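Enquirer: Sequence:
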Amino acid sequence: MCDKLKYVFPRGLLPHVPNLESVSVFRCEDVEQIIVGEVNNNTLQKLTTISLYRLGKLDCICEGVISWPSLKDVIIEECVKLRRLPFGADSAPSLKTIKCEKELWDSLEWEDDATRKQFQSFLIEPAQ
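All the letters of the sequence shown, read from the start, carry residue numbers 1 to 128 under our numbering.
Incorrect hints may appear among the rest.
[Stated by the list, open to error] Distance condition first, Cα-Cα at most 30 Å in a straight line; then the derived BS3-like pairs of lysine-lysine:
hint, residue 1, residue 2
1, Lys72, Lys46
2, Lys102, Lys117
3, Lys99, Lys117
4, Lys6, Lys99
5, Lys81, Lys57
6, Lys81, Lys46
7, Lys57, Lys6
8, Lys4, Lys46
9, Lys99, Lys4
10, Lys96, Lys117
11, Lys99, Lys81
12, Lys57, Lys4
13, Lys6, Lys81
14, Lys72, Lys102
15, Lys72, Lys96
16, Lys72, Lys6
17, Lys46, Lys99
18, Lys117, Lys4
Source of the hints: derived by calculation from the structure; they are not laboratory data.
Quick caveat, the model's predicted, so the values are computed rather than measured.
Take these sequences, add in the hints, and give me the full structure.
Expert: Now the structure itself:
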């Protein structure tokens, strides 16, 4: 159980997991943010998948836009307070899918409309 967990990767932890390929966080109702602090663009070079389920207080994955050179799949379900994805126009060149509910997608804030439209092409709604 992760009842008291607010941050999955507190400040300073990411440099110690350079081979991280997947992040999956399930049913941690108090998680507010996945990554805290600034992220060096060389930090998440091997991350291919992010899966987030039932994170009732999750507000953001991380602050700002960062580079995700190997990220292919993002799965987000029942994260009703999430307002931003950490993507910019060229930040996720390998991305293939973003799986999330249409209601969540429609409520997300983007740096501009062109970026939203670019990433909308990767959107897949989960099966009901």
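Enquirer: What are the numbers of the hints that this structure violates, sorted from low to high?
Expert: Violated hint: only 18; rest satisfied.
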